[in-house]
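Peer 1: Note that the protein sequences, when read in sequence, are chains A and B. Per my numbering, residue 14 is the first one in the first sequence, and the count goes up by one each step. Per my numbering, residue 2 is the first one in the second sequence, and the count goes up by one each step.
FYI, nobody ran anything at the bench for these hints, they're computed from the structure. By construction, the Cβ of each residue, glycine as well, lies at the ideal position given by its N, Cα and C atoms. Any given hint might turn out to be false.
Stated by the list, open to error - Reference listing, derived: stretches of chain A covered by chain B, where coverage requires no fewer than 3 residues with Cβ under 8 Å from a Cβ of chain B: (1) 58–67; (2) 191–197; (3) 302–314.
Unchecked claim - Here are some chain A residues the structure puts well away from chain B; computed CB gaps all over 10 Å: (4) Val71; (5) Asn81; (6) Asn82; (7) Asn137; (8) Gly140; (9) Ala209; (10) Cys294; (11) Asp295.
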Amino acid sequence: MDGVAHRGSIAAAARALNRIPVLARGRKPENLPVTLDRRRIYIVPTRAGFGFGLVLLVMLFGALNYQNNAALLLTCMLGAALAGSMLLTWRELHDLTLRALHAEHGFCDARLPLQLVFADDGRNRPGLTIAVDDLEQPCPLRAGKERARVTMPADARGWIEVPRMRISSTLPFGLFRAWSWMTPAQRVLVYPRILADVQPVVRSDDPNERIAGGDEFAGLREYHPGDPIRHVAWKASARHAHLLVREFDRAAPGQPLRFDWRTLSGIDRETRISRLTGWVCDAYAAAHPWVLILEDQRAIGPANDAAHYHRCLTALAELP
Amino acid sequence: MKRHDAPPGTRIVASTLAPLPFTLLCVTVLCVLAAHAAHLPAWYTAALAVVLAARWWQRRRQPRRVDAWLRIAMLVAVLATAIAVYGTPIGRAPGAAIVCGLLVLKVLESESVRDARMAVGFACFILMSALLFDQSLGFTVLVGLMLLPALATLRALQPGLPDSGWLPAFKAGACRRRCGAPPIAASRAPASAIAWRRATCIRC
């Protein structure tokens, strides 16, 4: 229950943060490079900071109550040290410049890795944290090496906007959090989700020999939606509760596999795209040449190299 | 977000107390005991220091909390000692004896960053209370210097310090200079291997 309540409070805090926008800068998409100047860095005490403030207040009242100058001096020294740490926290973010953003390849429903390239201003920023969603990701920077890697959620295939990033730091004492928002005006490509539950259907030239993955009978497996009806083993299925389909060995080496949109009938569009993506990934992993035939009869391939792999996945991701 | 909720392939700040901040926390508490040593019974201060040293040694071998029953027994012992020595638990001197005991008790159960922060705040307050017994200039300066390990503990709780050596924790702008695996190499490692990497300065 505690976990649920904790998650609920995080969600409530995130919602509250999302409602601040009118007061905060950096929410609208901006072209790179983006620099965090003093006008767009905000600083607030953390929970630990509020706790320490309370301790300081108790110390202050204690020292005043006993009219003890030494205790008062100590309290003021500690207060000054903590107030001075605010400047160091703020400096972690000040003048930080995001120069470029490169997206790596990623699939839908996984997290997409992003490479962030910051300008090298000769300063160390060991406490930098970047949150693309509600996950705080530590991204320490050092003079000379100004690259950071974060991951962003990818819930849909195709070109998606890079979401707003919250950059923050709590160095040096964890009592104050300096934060700012960056929203790079950039889109990244997300490949479709991978579905690998069915073996590829390869159309042979011989209409009497429609084969699945090859031409040698290999065994029976459970029916999945989208399997060709002609592959159903009716006699064997009669003895079981579920339909069974015949499976075949893979095609002979050298002969390209044909992944055809039209062979996947009877299933929804996204499942088709995901299944084709799964086949492309399998063929690429096995270094077997393949041809991808899309909805508009456009054929890509045959080939088995990385360029072909990315061309196919890009075409599948960009399908309407 | 909790550790088990984080998706694989991402790093998250560790919430368990690392050895360096724990050692600095023990040094801070030792300073607090030293600041109060002048007006507490010597055997009481020595006993607390021994308990603190035993806890430090125990956590080096096995990082887990001291058994709850042992902590309750120590709590009773601290209160009983204060009453036995001073006749009452109320007042400046018995109060100082009790808060020193409670601070050592807090160290016995400190396993997370949050525990350590609370202990440091508590230690700062008890350091101030030492000045209620002696306002001399020399002692004030000494107690002021004792704030340094407390602030160093707070600094060590944050990421970006070297794995070895305690001195950088005393410098607010200190950053780790070298590191093993660059982020790209880390990204190619199995997700389970990098999932909960401690958030130290991996770029350095």
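Peer 1: Hint by hint, say whether it matches the structure.
Peer 2: Going through the hints against the structure:
no.: 1; hint: 58–67; verdict: holds (count 3)
no.: 2; hint: 191–197; verdict: violated (count 0)
no.: 3; hint: 302–314; verdict: violated (count 0)
no.: 4; hint: Val71; verdict: violated, 6 Å
no.: 5; hint: Asn81; verdict: violated, 6 Å
no.: 6; hint: Asn82; verdict: violated, 7 Å
no.: 7; hint: Asn137; verdict: violated, 4 Å
no.: 8; hint: Gly140; verdict: violated, 5 Å
no.: 9; hint: Ala209; verdict: holds, 19 Å
no.: 10; hint: Cys294; verdict: holds, 17 Å
no.: 11; hint: Asp295; verdict: holds, 21 Å
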